[in-house]
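For the sequence shown, the positions run 1 to 348 when this note's numbering is used.
A couple of the hints might just be wrong.
If you anchor each label on the Cβ, the simulated ranges turn out as follows [stated by the list, open to error]:
#: 1; residue 1: His-190; residue 2: Ala-344; range: 42 to 48 Å
#: 2; residue 1: Lys-337; residue 2: Asp-102; range: 48 to 54 Å
#: 3; residue 1: Leu-339; residue 2: Ser-23; range: 37 to 43 Å
#: 4; residue 1: Asp-102; residue 2: Arg-41; range: 38 to 44 Å
#: 5; residue 1: Asn-332; residue 2: Glu-107; range: 51 to 57 Å
#: 6; residue 1: Gly-331; residue 2: Gly-254; range: 41 to 47 Å
#: 7; residue 1: Gln-5; residue 2: Asn-332; range: 33 to 39 Å
#: 8; residue 1: Arg-98; residue 2: Lys-337; range: 21 to 27 Å
#: 9; residue 1: Ala-344; residue 2: Lys-28; range: 24 to 30 Å
#: 10; residue 1: Arg-98; residue 2: Glu-40; range: 29 to 35 Å
#: 11; residue 1: Asp-265; residue 2: Glu-40; range: 56 to 62 Å
#: 12; residue 1: Gly-20; residue 2: Thr-204; range: 32 to 38 Å
#: 13; residue 1: Lys-345; residue 2: Thr-219; range: 38 to 44 Å
It is worth saying that the hints were derived from the structure and are not from the lab. Cβ coordinates follow ideal geometry from the N, Cα and C atoms, glycine included.
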Amino acid sequence: MKLVQEKDYTVDGAMTDPKGDRSLSPSKQEDPDLYLRVVERREDGVVVRGAKAHQTGITNSHEVLVMPTIALSPEDKDYAISFAIPVDTEGVFMIVGRQSCDTRKLEGSEIDVGNSEFGGMEALTVFDNVFVPNDRIFLNGETEFAGMLVERFAGYHRQSYGGCKVGVGDVLIGASALIAEYNGVQRASHVRDKLIEMVHLNETLYSSGIACSAEGTKTESGNYLIDMLLANVCKQNVTRFPYEIARIAEDLAGGLMVTAPSEKDLKDSKLGPYIEKYLAGVKGVSVENRLRVLRLIENLTLGTAAVGYRTESMHGAGSPQAQRIMIARQGNIEGKKELAKKIAKINN
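Taking the hints into account, I'd like the entire structure generated from these sequences.
Written as structure tokens, this is what we have:
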């Protein structure tokens with residue numbers, strides 16, 4: 001922790017294994033490497049083999065922090081391993097994933113990319129017989145702690161979505177308001193109502209993230225543990241609200257978001273004037289600027305950024321059912337039943 005703080009390192013949290021047959025435990029898989037495991041134990045450390053999937057941001061991280069992905073039984077001892085190593089450690093390599101519309105970045109167009117300055121990337125990260133020294137190991141065979149580690153890491157991850165997805169949502173709301181203005185419909189009551197709904201949904205997500213942070217409790221180590229119930233409520237909302245925000249954005253953008261001509265055609269000496277003529281919006285707004293904001297909306301809802309805003313909102317930090325399981329555990333239904341009995345004067 002001190003090293004990360006002093007060096008200002010970016011650390012990738014690597015939890016998700018490929019998993020193979022989900023009905024089988026790690027040690028029962030046909031290929032035992034479908035969950036990352038210890039394959040050799042030495043006096044000075046261990047050798048691990050396996051992979052971690054869907055690693056967002058690992059290509060621009062200094063270190064990778066590996067953790068088990070599920071609660072483990074004693075027979076899965078070799079899979080109860082957690083450690084941190086530099087991403088350029090021998091035997092570690094990344095297979096970068098594809099994103100929708102990613103080749104637009106190679107076409108030399110700024111407008112068609114939608115967001116030419118910022119972006120992200122995911123990778124399948126392989127650990128091919130990687131040596132990990134003892135001083136970098138945090139969990140080694142203690143299967144009884146794996147479940148708690150997964151729950152707490154997931155809780156922090158779910159809390160963070162109340163911030164990062166909301167930031168993207170702010171951009172999408174702004175782009176939606178801009179295109180409404182460029183189309184000349186910003187004063188229409190139904191348009192204003194749709195923007196209000198987008199803000200309402202987005203700020204609901206933010207309030208959940210703030211709530212689970214503010215309700216956190218201090219641990220013996222001096223760290224703060226977020227409120228696990230509220231963190232899971234936050235992420236459960238994230239699996240839904242960005243999709244509705246994106247739907248409204250597409251509604252406000254109109255069909256031109258996906259049928260607009262390319263930047264190359266816009267700047268073509270023959271075709272450009274026709275595009276300027278027939279795709280004009282309100283007076284004072286250039287066709288280029290209109291297309292720029294449409295491409296931004298397309299990028300966030302359907303393009304490269306949709307990986308993070310849509311699908312990652314669904315499955316990142318755990319798929320929807322994972323939060324519902326935690327909400328069921330922490331919702332204190334029995335306590336709520338007792339409250340109802342007391343007020344209704346029901347005596348057992």
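Evaluation of the provided hints:
1. His-190 to Ala-344: 42 to 48 Å: holds (44 Å)
2. Lys-337 to Asp-102: 48 to 54 Å: holds (52 Å)
3. Leu-339 to Ser-23: 37 to 43 Å: Given about 39 Å between the Cβ atoms, the range holds.
4. Asp-102 to Arg-41: 38 to 44 Å: holds (41 Å)
5. Asn-332 to Glu-107: 51 to 57 Å: Between Asn-332 and Glu-107, where Cβ atoms are some 55 Å apart, the hint holds.
6. Gly-331 to Gly-254: 41 to 47 Å: With Cβ atoms ~42 Å apart, the hint holds.
7. Gln-5 to Asn-332: 33 to 39 Å: holds (36 Å)
8. Arg-98 to Lys-337: 21 to 27 Å: violated (49 Å)
9. Ala-344 to Lys-28: 24 to 30 Å: Cβ of Ala-344 to Cβ of Lys-28: about 49 Å, so the range 24 to 30 Å is violated.
10. Arg-98 to Glu-40: 29 to 35 Å: Taking Cβ atoms as reference, Arg-98 and Glu-40 lie about 34 Å apart, which means the hint holds.
11. Asp-265 to Glu-40: 56 to 62 Å: holds (58 Å)
12. Gly-20 to Thr-204: 32 to 38 Å: Since the Cβ atoms of Gly-20 and Thr-204 sit about 37 Å apart, the hinted range of 32 to 38 Å holds.
13. Lys-345 to Thr-219: 38 to 44 Å: The hinted range 38 to 44 Å holds for Lys-345 and Thr-219, with Cβ atoms some 40 Å apart.
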